[in-house]
Structure formats: C-alpha cells, structure tokens
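Engineer: Letter by letter, the chains look like this.
Number of protein chains: 2
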Amino acid sequence: MTASTAATDTRTRLLDTALKLFSEHGVEATSLQMIADELGVTKAAVYYYFKTKDEIAEAVAAPTLLELEQIIEGARTKRTRGAQIDHVLHGFVELIMRQRLLLGLYNSDPGMQRVVTRTFQAPRGEDLRTRMRAVLAGDNPGLDEAITVHVVFTGIAMAGGAPEYAGVDDETLRRNLLEVGRRLLGRPKRR
Amino acid sequence: MTASTAATDTRTRLLDTALKLFSEHGVEATSLQMIADELGVTKAAVYYYFKTKDEIAEAVAAPTLLELEQIIEGARTKRTRGAQIDHVLHGFVELIMRQRLLLGLYNSDPGMQRVVTRTFQAPRGEDLRTRMRAVLAGDNPGLDEAITVHVVFTGIAMAGGAPEYAGVDDETLRRNLLEVGRRLLGRPKRR
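Protein sequence lines correspond, in order, to chains A and B.
Heads up, the first sequence is in the UniProt record's numbering, so the first residue is 1 and it goes up one at a time.
Heads up, the second sequence is in the UniProt record's numbering, so the first residue is 1 and it goes up one at a time.
The reader is advised that the hints may include incorrect statements.
Heads up, simulated SDA-like pairs for lysine to any residue below, C-alpha to C-alpha not over 25 Å straight-line [as the list claims (entries may be wrong)]:
#1 B/Lys189 - A/Arg182
#2 A/Lys189 - B/Lys20
#3 B/Lys189 - A/Gln121
#4 B/Lys20 - A/Arg187
#5 B/Lys43 - A/Lys189
#6 A/Lys51 - B/Lys20
#7 B/Lys189 - A/Tyr49
Covered stretches of chain B, going by a simulated chain A footprint (3 or more residues, C-beta under 8 Å) [to be verified]:
#8 18 to 28
#9 51 to 62
#10 89 to 97
#11 162 to 172
If you're looking for bench data, these hints aren't it; they were derived computationally from the structure.
The structure presented is a predicted model; accordingly, all values stated were derived computationally and were not measured.
Ideal Cβ positions, reconstructed from N, Cα and C, are used throughout, including at glycine.
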C-alpha cells in the first residue's frame with residue numbers, strides 16, 4: 001500500500017466512523033475526541049484531515065452531491081427522455097439505498113439537516129437541482145412538470161430515510177421506491 | 001374586547017412577529033429582545049407568554065399539527081376512500097398555502113428544522129402520521145401504498161416551501177400542487 005492510498009484509507013475510515021457516531025449521538029453531541037477514540041488515533045491525527053466537526057459533516061455529505069452529478073451526466077448520454085428519466089430514477093434510488101444511514105440522520109438530526117441544507121443550497125447544489133430538473137422535465141418545463149419532478153424525487157429521498165421504513169430490508173425498500181417512482185413518473189412497469 | 005380576547009390577540013401578534021423575524025434572520029439569530037422591540041413591548045411582556053425562544057418556535061409550528069389533525073378527523077366523515085383522499089389532499093394543500101412562510105423556513109433554516117422535526121417525531125406527531133396513512137392507504141396498507149402516500153405528501157410539503165417556487169403566486173401554486181397531487185394519487189381531474 002502506498003502512502004497515498006493509506007491516507008485515503010484513513011480519511012475514508014474517519015468519515016465512516018464519524019457517520020456511525022453521528023447516527024448514534026447526533027452531530028451536535030459527537031466530538032472530534034469521540035471520533036479519534038473510536039478510530040483509535042489521537043485527536044491530532046483527526047486534525048490532520050479536518051479542522052472542525054462541521055468540515056467532517058460536510059465531507060460525509062459531499063459524496064452524495066458528487067454521485068448525483070455523475071448520475072445526471074450519465075443521463076445526458078441517453079437518447080430518449082424516457083431512458084434519461086429511467087437512468088436518473090434508478091441511480092437516485094441506488095444512491096438512497098447506499099445512503100440510508102445518512103438519510104435517516106437527515107430526517108431526525110438537526111445537525112445533519114444544517115449541513116445538508118447548506119450543501120444543497122450552495123451554488124453547486126442549486127446548479128445540480130437545475131440540471132436534474134432539465135434532464136427530467138426539459139429545459140423550460142411548465143410549472144406542473146417541474147413540481148411533479150420535485151415532489152417525486154424529494155418524496156422518494158424523504159421516504160428512503162423515514163423512521164417508518166427503517167426496519168424494511170434493502171432489497172424490498174429498493175424495489176418499492178423504484179416501483180413507486182416509475183408509476184408516479186408515468187414510466188411503464190419493469191419486466 | 002374582553003381581557004381574555006386581548007391576551008389572545010397579543011399572543012397571536014407575538015407569534016406572527018416571531019415568524020416574521022425568524023424568516024428574516026433565522027431562528028438562531030432572533031432574540032426575545034428583538035421580538036419585544038418589533039412588537040413595541042418589554043421583554044418582560046414576552047416572558048409573560050413564553051419562557052424561551054424554543055417555546056415560541058414550537059408555538060409557531062403547533063397550529064400546523066392541530067390543523068392536520070382536524071383535516072384527518074374531517075376525512076373520517078367521508079364515505080368513500082376517494083372522497084377521503086380528496087378531503088385530505090385539499091386540506092393539506094390549503095394548509096401549505098397558508099403556511100408558505102413557515103415551510104420556506106423549514107426548507108432553509110436549521111433552527112426551524114430542529115423545531116419541526118421535534119414536533120413531528122413526538123408521540124403526537126407520530127400518531128398523526130399513522131392516522132393520516134390509515135385514511136389515505138387503509139388500516140393495513142401494503143408497503144407500496146404506504147410509500148406512495150409518503151412520497152406524494154412529503155413531496156408536496158417540500159415543494160410548497162422550495163425556494164424555486166417562492167416567486168409563484170398563491171393561486172397558481174395552489175392549483176399546481178393540487179393537480180400534481182391528484183394525478184400522482186390517481187384521482188380524476190377536477191372540473
């Protein structure tokens with residue numbers, strides 16, 4: 001293992017540990033010291049990567065934004081609107097399934113709500129929302145189309161992290177979110 | 001005016017003023033002193049009604065919970081599932097339109113997210129969600145039906161407070177939310 005991959009590995013482990021502690025205690029009640037203790041490193045080692053807990057929380061949420069951008073880019077290579085919608089919906093539901101812990105936190109923890117709100121309302125998040133709407137509803141969608149897309153995708157994200165479904169296994173929740181999304185967006189049932 | 005209605009009036013004005021200041025500065029940055037100054041009363045007069053800013057923020061959000069409960073109670077008097085769904089959807093959209101300022105705050109202000117999350121995850125909020133689901137999807141809904149209702153209603157609430165539609169006038173937004181909701185829930189178009 002090179003020094004660079006070791007560093008990547010530590011940073012990744014740090015973010016995984018932070019998310020675990022955030023989900024157990026909430027963002028506000030988790031300290032850098034707790035993260036260091038859980039990782040078995042010194043607080044100085046955590047400081048090497050992140051100066052504040054907010055930076056850690058933002059880094060925990062950031063890959064979601066990046067993945068959404070990649071999904072939208074991927075949709076641009078599809079030739080029909082239907083295929084583009086399918087691509088975004090499928091990628092979105094997969095992303096939600098991988099991020100159930102983070103989404104659950106967003107639904108229940110004010111500290112994580114603060115971070116996610118800031119991330120998605122920053123220029124990059126706003127740009128992302130605009131591009132996603134353009135792929136799903138066209139460049140100049142009517143209000144009805146824009147609201148439909150907004151309702152379905154924010155609704156799926158909220159349902160994916162809702163405490164009501166926390167006990168549902170991944171495969172069942174994935175299938176249901178996808179089926180509900182397809183039906184609400186007027187896409188044909190999958191074989 | 002009796003002493004009792006004068007007190008009701010002051011409390012109402014206090015909550016209206018608090019919501020206005022919250023929406024301008026965020027909950028965190030609004031002080032009891034600022035609310036007193038804006039109302040033209042002493043801080044002691046504010047203390048007479050509320051001991052903390054959190055109590056004020058909860059009182060700002062509380063009528064929404066009460067109105068939702070009344071909408072769900074109203075739906076129980078309707079004889080068909082379709083009429084019940086129509087009643088809840090219509091009441092929900094009307095509530096959203098009256099609470100655009102509050103919903104906008106929920107979408108952007110961590111302080112208000114904290115209050116609303118606490119309100120809706122308290123036993124009374126959880127009970128409300130359970131009863132709402134029972135009216136809309138039956139007493140023992142399948143996962144598909146439960147998720148559909150969850151997606152449509154949380155999605156409509158999120159869209160109602162989204163910055164994208166802040167410039168849309170009330171009448172247009174109301175009509176669009178209602179039409180999108182009816183279509184997504186499989187209800188026939190209104191005349």
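Engineer: Does each hint hold? Answer for all of them.
Structural biologist: Evaluated hints:
1. B/Lys189 - A/Arg182: The given pair, whose Cα atoms are some 21 Å apart, holds under the 25 Å limit.
2. A/Lys189 - B/Lys20: violated, 46 Å
3. B/Lys189 - A/Gln121: violated, 34 Å
4. B/Lys20 - A/Arg187: violated, 42 Å
5. B/Lys43 - A/Lys189: violated, 61 Å
6. A/Lys51 - B/Lys20: violated, 35 Å
7. B/Lys189 - A/Tyr49: Judged against 25 Å, a Cα distance of about 56 Å means the pair is violated.
8. 18 to 28: violated (count 0)
9. 51 to 62: violated (count 0)
10. 89 to 97: violated (count 0)
11. 162 to 172: This one holds; 6 residues, not fewer than the three required, reach chain A with a Cβ under 8 Å.
In this structure, the earlier hints numbered 2, 3, 4, 5, 6, 7, 8, 9, 10 are contradicted, and the remaining ones agree with it.
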